[in-house]
Every structure is written in C-alpha cells, then in structure tokens.
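Visitor: Sequence:
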Amino acid sequence: ALEPADFGEASSNRRAEIYLNVKDNNRSTFEKQLEGKKEQMRKSRDGDKEENNGI
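Note that the UniProt record's numbering numbers the sequence shown so that position 7 is 7, with each residue one more than the last.
Please keep in mind that the hints were generated in silico from the structure rather than gathered at the bench.
Don't be surprised by glycine CBs; every beta carbon is placed ideally from N, CA and C.
Some clues are possibly wrong.
[Said to hold, decoys possible] The following label-pair restraints were derived from C-beta to C-beta distances:
| # | residue 1 | residue 2 | range |
| --- | --- | --- | --- |
| 1 | Val22 | Lys43 | 21 to 31 Å |
| 2 | Arg42 | Ile18 | 26 to 36 Å |
| 3 | Gln40 | Leu20 | 16 to 26 Å |
[Unchecked claim] Subject to a maximum C-alpha distance of 20 Å in a straight line, what follows is the list of computed SDA-like cross-link-like pairs (lysine to any residue):
| # | residue 1 | residue 2 |
| --- | --- | --- |
| 4 | Lys37 | Arg27 |
| 5 | Lys37 | Asp24 |
| 6 | Lys32 | Lys43 |
| 7 | Lys32 | Arg42 |
| 8 | Lys38 | Ser28 |
| 9 | Lys32 | Leu20 |
| 10 | Lys43 | Gln33 |
| 11 | Lys23 | Ser12 |
| 12 | Lys23 | Gln33 |
| 13 | Lys38 | Tyr19 |
| 14 | Lys32 | Asn13 |
| 15 | Lys32 | Val22 |
| 16 | Lys32 | Glu17 |
| 17 | Lys32 | Arg14 |
| 18 | Lys23 | Met41 |
| 19 | Lys23 | Arg42 |
| 20 | Lys32 | Ser12 |
| 21 | Lys23 | Asn13 |
| 22 | Lys43 | Glu31 |
| 23 | Lys37 | Asn25 |
| 24 | Lys37 | Gly47 |
All chains should be modelled from the sequences, with the hints used to inform the complete structure.
Guide: So, in structure tokens, the structure goes:
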C-alpha cells in the first residue's frame, strides 16, 4: 500500500519512540544507576571539553 512519505516516516519514528520508552522502562534500576555512574565519571574525566566542542 502506498502512503505519503511524511506519514510513513512519522509513524516509524513514533514506533521507534515507543520501543525505546518500553525498553527503558524494562531496564533494571541497577543498570540505570550503573549508567549514571559511568556518565558522571566520563563528565568528570572530560571536564568542560564538551562545552568547548559544543557537543
């Protein structure tokens, strides 16, 4: 079936969004805490480099 390109793109983006939300909700608290610690370590290691790079 043919559908307008923008409609198709929007619906697939929406599906991806829903999938990511569900995946995130299914992750354990432990994984989230671990990720938070890694992020903090990375930030403290990088200092303010990322601000200068505009990332």
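Visitor: Against this structure, judge whether each hint is valid.
Guide: Against the structure, the hints come out as follows:
1. For Val22 paired with Lys43, a C-beta distance near 28 Å keeps the hint of 21 to 31 Å intact.
2. Range check, Arg42 to Ile18: Cβ separation about 28 Å, and the 26 to 36 Å hint holds.
3. In this structure, Gln40 and Leu20 meet the distance hint of 16 to 26 Å, their C-beta atoms being roughly 22 Å apart.
4. For the proposed pair Lys37 and Arg27, the alpha carbon gap of about 16 Å is at most 20 Å, so the pair holds.
5. Simply put, Lys37 and Asp24 have alpha-carbon atoms about 17 Å apart, close enough for the 20 Å limit, and the pair holds.
6. Between Lys32 and Lys43 the alpha-carbon distance is near 16 Å, which keeps this suggested pair within the 20 Å criterion.
7. About 15 Å separates the Cα atoms of Lys32 and Arg42, which keeps this hinted pair within 20 Å; it holds.
8. Our distance criterion of 20 Å between C-alpha atoms is met by Lys38 and Ser28, whose separation comes to about 16 Å.
9. Of the supplied pair hints, the one linking Lys32 and Leu20 holds, its CA atoms being roughly 14 Å apart against a limit of 20 Å.
10. Distance restraint check for Lys43 and Gln33: the Cα-Cα separation of roughly 15 Å lies within the 20 Å cut-off, and the hinted pair is therefore satisfied.
11. Only pairs whose Cα atoms come within 20 Å are accepted, and Lys23 paired with Ser12 is accepted, the gap being roughly 16 Å.
12. Of the supplied pair hints, the one linking Lys23 and Gln33 holds, its CA atoms being roughly 16 Å apart against a limit of 20 Å.
13. With a C-alpha separation of about 24 Å, the suggested pairing of Lys38 with Tyr19 is violated against the 20 Å cut-off.
14. Our distance criterion of 20 Å between C-alpha atoms is broken by Lys32 and Asn13, whose separation comes to about 24 Å.
15. For the hint pairing Lys32 with Val22, the CA-to-CA distance comes to about 14 Å; that is within 20 Å, so the pair holds.
16. As the CA atoms of Lys32 and Glu17 are separated by approximately 19 Å, the hinted pair is consistent with the 20 Å bound.
17. In summary, the hint linking Lys32 to Arg14 is not supported, as the alpha carbons are separated by about 23 Å, beyond the 20 Å threshold.
18. The straight-line distance between the Cα atoms of Lys23 and Met41 is roughly 24 Å, outside the 20 Å bound, and the hint therefore fails.
19. Taking the CA atoms of Lys23 and Arg42, the gap is about 24 Å. The hint is violated against a cut of 20 Å.
20. Distance restraint check for Lys32 and Ser12: the Cα-Cα separation of roughly 26 Å exceeds the 20 Å cut-off, and the hinted pair is therefore not satisfied.
21. Our distance criterion of 20 Å between C-alpha atoms is met by Lys23 and Asn13, whose separation comes to about 15 Å.
22. With a CA separation close to 18 Å, the supplied pair Lys43 and Glu31 stays within the 20 Å bound.
23. About 19 Å separates the Cα atoms of Lys37 and Asn25, which keeps this hinted pair within 20 Å; it holds.
24. The hinted pair formed by Lys37 and Gly47 meets the criterion: a straight-line CA distance of about 15 Å does not exceed 20 Å.
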